[in-house]
Amino acid sequence: MSDDPCFELRLLIQADVDGELAPAEAARVGAHVETCPACAALQAQLVALAGRICREVPYHPASDALRDAVRARIAAASAAAQPEQSAQVVPLPRPARQFGGQRAAGKFRLPGWNFSALAPFGTGFALAACIALVLVLPRGNGLPDSVVADHIRALQPGHLMDVVSTDQHTVKPWFDGRLDYAPPVKDLKTQGFPLAGGRLDYLADRPIAALIYQRRQHLIDLYVWPDGGHLDHGPTEGARSGYNFVRWSHDGMTFWAVSDLDAKELADFVRLWQAA
Amino acid sequence: MTMAGTMDFEQLVLPHLDAAHNLARWLVADATLAEDVVQDAILRALNYFGTYKGGDARAWLLRIVRNNAYTALSARKRSGMTSLDTVAPGADGEEPPALQVPDPADDPEAALVHRQDLARLDLALAALPVELRECLVLHELEDLSYKDIAQVTGVPIGTVMSRLWRARRALSGAKPGCGKAEGAVA
Chain A
1 MSDDPCFELR LLIQADVDGE LAPAEAARVG AHVETCPACA ALQAQLVALA
51 GRICREVPYH PASDALRDAV RARIAAASAA AQPEQSAQVV PLPRPARQFG
101 GQRAAGKFRL PGWNFSALAP FGTGFALAAC IALVLVLPRG NGLPDSVVAD
151 HIRALQPGHL MDVVSTDQHT VKPWFDGRLD YAPPVKDLKT QGFPLAGGRL
201 DYLADRPIAA LIYQRRQHLI DLYVWPDGGH LDHGPTEGAR SGYNFVRWSH
251 DGMTFWAVSD LDAKELADFV RLWQAA
Chain B
1001 MTMAGTMDFE QLVLPHLDAA HNLARWLVAD ATLAEDVVQD AILRALNYFG
1051 TYKGGDARAW LLRIVRNNAY TALSARKRSG MTSLDTVAPG ADGEEPPALQ
1101 VPDPADDPEA ALVHRQDLAR LDLALAALPV ELRECLVLHE LEDLSYKDIA
1151 QVTGVPIGTV MSRLWRARRA LSGAKPGCGK AEGAVA
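Same order as they appear, the protein sequences are chains A and B. Every letter in the first sequence is one number past the one before it in my numbering, and letter 25, counting from 1, is 25. Count along the second sequence from 1, then add 1000; that gives the number in my numbering.
Warning: the hint list may mix true and false statements.
Straight-line C-alpha distance at most 25 Å; calculated SDA-like pairs for lysine to any residue [said to hold, decoys possible]:
| hint | chain 1 | residue 1 | chain 2 | residue 2 |
| --- | --- | --- | --- | --- |
| 1 | A | Lys-264 | B | Gly-1154 |
| 2 | B | Lys-1077 | A | His-60 |
| 3 | B | Lys-1053 | A | Glu-265 |
| 4 | A | Lys-189 | A | Trp-225 |
| 5 | B | Lys-1053 | A | Ala-154 |
Covered stretches of chain B (in silico footprint by chain A; criterion: 3 or more residues with CB under 8 Å from a CB of chain A, positions within the stretch not fixed) [claimed, not checked]:
| hint | stretch |
| --- | --- |
| 6 | 1012 to 1022 |
| 7 | 1072 to 1079 |
| 8 | 1121 to 1132 |
| 9 | 1136 to 1148 |
| 10 | 1155 to 1168 |
Simulated from the structure, these hints should not be mistaken for lab results. Even for Gly, the Cβ is constructed at its ideal location relative to N, Cα and C.
Could you put the whole structure together from the sequences, leaning on the hints where they help?
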């Protein structure tokens, strides 16, 4: 961590100047700056620098020649690729609809003054924020669609976790009294998939447990609920909208693992989880 | 790629060609190389277009441009070539001299503050370590949000924030008493 106690405050002032704070946070920063000459000076300095950059640093737009060359290369590439359906292009399903435009998911909001809380899950929020949040999933095979849709929904800021803990002995009891079953909770930290927390969710017409695991910048949702003796004949693995899923049953429970991890790493996770 | 697919691609990507070139130019600091980087990036984007899953097309394209620029920079470093701009000013008049990309392992800002003439802001920006420069260019010149910069550069938002801080600190001169920036919130 930083050896400078003011560092996080400075980053907040910077975030304010950069227009990255939600109005409530911006107001709190503003109130502090009014009473703190050092922070006021820093804020003024940042604003002045932004102005100087705007005036003094040249922007390099594409030349007409480059624009023409790019158009020509696109045309040549598309002509060369006729006829269509070269096997190289991976036919991932594209969303039928998306909210277009820049910053589609809205501006990233910093969670108030509790700035250090952001750090451990910064990657998760970054990932969540980077995903186009509105996807219309393909029809058919209802449950995979629901599970993947829930995973995507959960990635939205603030929806990811109800209980944030890397300790399985905290996460497991948390579900007591919230569910009519006790989901198995395991930590795979030593195997490279640390437990990040848990969430109560609603899937397959019932409240269920979702466990959240991390893998580098990726998140895995593991959904667990009792199968009630009902055998699911749907696919045991597959992909929806770029998200991979794996389903299995064990000891009367149904498990769904969903992530944007590639299929192999997700399979590794499942194998390690089953073996743990 | 069908004709319709090509038109989709053009509509998606060509509006961001200026941003692509500006980023490439600030990263590689060489007019000719920047155009090559952009052209290669466009072709690569065309190949990847099947895997484009929606979202901000500009950030998607800039990430490809940025990765291409890094590849070009390391190739140039390996071959020991220096920028042509050091001997021939570009057509658009006053070029900043191509300043080599310092090794990020050094502590470049500290040394920079002492030797760089900070009166010329464009020169100071061009002399920043590339990972700081890209954050500042993406934010100040392209008006990208922290979230989008994180996507383009492939680092967490906390790292974007500390890099922006370090970049600005270097450009506005040393601020006494500042702690180590990188890693504080990453």
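Checklist line | Index of numbered hints that the structure contradicts, given in increasing order | finding: Hint check: 7 fails alone, others pass.
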